[in-house]
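Asks: Each chain, written out:
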Amino acid sequence: MRLPDSVRHAWAIAAKDLLVEFRSRTGILSAGVFVVLVLMVFNFGRDPTAVSNIVLAPSILWVTFTFAAILALNRAFQLELENQALDGLLLAPIERGSIYLGKLVANLLFVASVEVLGVPLVALFFNVEVWAHIGTLAGIIVLATIGFVSIGTLFSAMTVRTRFAELLLPVVLLPFMILPLMWATLATTSVFADRPLNEIAGWLKMLAGYDIVFVVVSLLLFPATVNE
Amino acid sequence: MLRAEGLTHRFGSVTALDGVSFSVQPGQTLAVFGPNGAGKTTLLRVLAGLIRPQHGRAHVDGGRRAIGWIGHQPQLYGQLTVRENLRFWASLYDVVVPGDLLSRLGLSEHADRPVRALSRGLVQRVAIARALVHDPAVLLLDEPFTGLDRTAAEALSRVLGDVMGRGGVSVLVTHNVEEGTGLATDVAFMRGGRFVHFAPRGSRGAQQVAEEYRHAIA
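In the order they appear, the protein sequences are chains A and B. The first sequence begins at 1 in our numbering and counts up by one. The second sequence begins at 229 in our numbering and counts up by one.
Please keep in mind that the hints were generated in silico from the structure rather than gathered at the bench. Ideal Cβ positions, reconstructed from N, Cα and C, are used throughout, including at glycine. There could be a bad hint or two in this list.
Unchecked claim - Partner residues are not named here, just some residues of chain B that face chain A (Cβ under 7 Å, in silico):
{"no.": "1", "residue": "Arg-292"}
{"no.": "2", "residue": "Arg-293"}
{"no.": "3", "residue": "Pro-302"}
{"no.": "4", "residue": "Gln-303"}
{"no.": "5", "residue": "Leu-304"}
{"no.": "6", "residue": "Phe-316"}
{"no.": "7", "residue": "Ser-319"}
{"no.": "8", "residue": "Leu-320"}
Unchecked claim - Partial list, computed: chain B residues near chain A (C-beta under 7 Å):
{"no.": "9", "residue": "Ile-279"}
{"no.": "10", "residue": "Tyr-305"}
{"no.": "11", "residue": "Leu-329"}
{"no.": "12", "residue": "Ser-331"}
All chains should be built: construct the whole structure from the sequences, respecting the hints.
Replies: Here it is as structure tokens:
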């Protein structure tokens, strides 16, 4: 069966980004080291008697993922500016939406690989029960990550041609990340506290709603951000 | 065929294009000469559809799929090999890389080397291969001689000849009159976003065109 053109083109772009990242390893290494260092700093810098791990660990987990994701998002379109490859993408007879989807998939896989590293470290440093609830926790992480990476990919395209792109991206992106991060943190706290699944179902629905809205909005707005 | 009708575009208070109109017929190459800031690159980007003009319209037979772009930036990924780069760009055009493309440009022995490890001249040859991967009928060339070594310059001339021979069209913009004239069937001089001269080259040589250019732009 032949996939629709837009899906094939999106996958070609995502596969290319991942291959470039695999060859250079600069982004994944710096994000991975960042995650380890941040979790270590929080681990050794906290007073274990002041706040319980179940309350503290979710916040630290999501703050760490947020900033690791921003590192990845900053690189997403920077790659295309080198040698003006972005012009080549815009000149190719493909839908603008395919470029966005390709970048989104590559960013999601990149951030997911950092998250795979971060979850066991949180379990190790903060002594919270992760493995008994890994399915639910994975669902929360997937839904929240799709939400902020979808809008982050759009903002990455918007800011990449500006002079201070690396500073500007977090400034414009963080306000949009407040809601999914808040919902993800609350849901994760409930999971770590061994609360029943129906207690977090509301957070998951809101995360899923956020994902649908911002993937669609980003797909619609993306052409305007790359057209001159 | 390629046609521009009254192209006008401003960047803030700067007029990059001011009512530019022309057409290029099959088998012809238009060389546009002008000093820096004359609007040459903007013209090419409008023709390619990378910039939407504020007034006027550009038409290219076959649309974006028919266009091949060769600029002074190669539009390649340094971490990928020559072959991987060409495969990637071919996949966006839903074609496979022509079997003889690498050998035509003398790149066969470099196919599995990462682009970042190649010399500037070789990178430019890969950039030419990238532009040809979908067998374009229209070539747009932005300062194509920048950084070209002798082999790459010869390859570029051959490529243009091939495209013209098949009834294709090309537009090249450059400030280098001597190098651009040899490839052109028509020449235009551009200043302040306007064509101040547009005519067939005829039998005029590079020196004569360069002389006329100096008078027109002065």
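Asks: At a threshold of 7 Å, is the proposed contact between Pro-302/B and chain A supported by beta-carbon distances?
Replies: holds (5 Å)
Asks: Per the CB criterion, is Ser-331/B less than 7 Å away from chain A?
Replies: violated (23 Å)
Asks: Less than 7 Å between beta-carbons is the criterion; does Gln-303/B satisfy it with respect to chain A?
Replies: At 4 Å from the nearest chain A Cβ, Gln-303/B passes the 7 Å test, so the hint holds.
Asks: Going by Cβ atoms only, is Arg-293/B closer than 7 Å to chain A?
Replies: Where the cut-off is 7 Å and the nearest Cβ of chain A is about 4 Å from Arg-293/B, the hint holds.
Asks: Taking the closest Cβ pair, is Tyr-305/B under 7 Å from chain A?
Replies: holds (6 Å)
Asks: Holds or violated: is there a CB of chain A closer than 7 Å to the CB of Ser-319/B?
Replies: Hint holds; Ser-319/B Cβ to chain A Cβ min 4 Å, cut 7 Å.
Asks: May I ask you to test the interface hint for Arg-292/B with respect to chain A, counting a Cβ-Cβ separation under 7 Å as satisfied?
Replies: Arg-292/B check passes; min Cβ-Cβ to chain A is 5 Å, inside 7 Å.
Asks: Is the interface hint for Leu-304/B satisfied, with its Cβ closer than 7 Å to some Cβ of chain A?
Replies: holds (5 Å)
Asks: If you take the shortest Cβ to Cβ gap from Ile-279/B to chain A, is it below 7 Å?
Replies: Holds, about 5 Å.
Asks: Holds or violated: Phe-316/B as interface residue toward chain A, Cβ cutoff 7 Å?
Replies: Constraint on Phe-316/B satisfied, holds at 5 Å.
Asks: Can Leu-329/B be said to touch chain A, with a Cβ gap under 7 Å?
Replies: Because about 16 Å separates Leu-329/B from the closest Cβ in chain A, which is outside the 7 Å limit, the hint is violated.
Asks: Closer than 7 Å between Cβ atoms is the bar; does Leu-320/B clear it against chain A? Give me holds or violated.
Replies: The hint holds - Leu-320/B has a Cβ within 7 Å of chain A, the shortest such distance being about 4 Å.
Hint check: violations occur at hints 11, 12; the rest are consistent with the structure.
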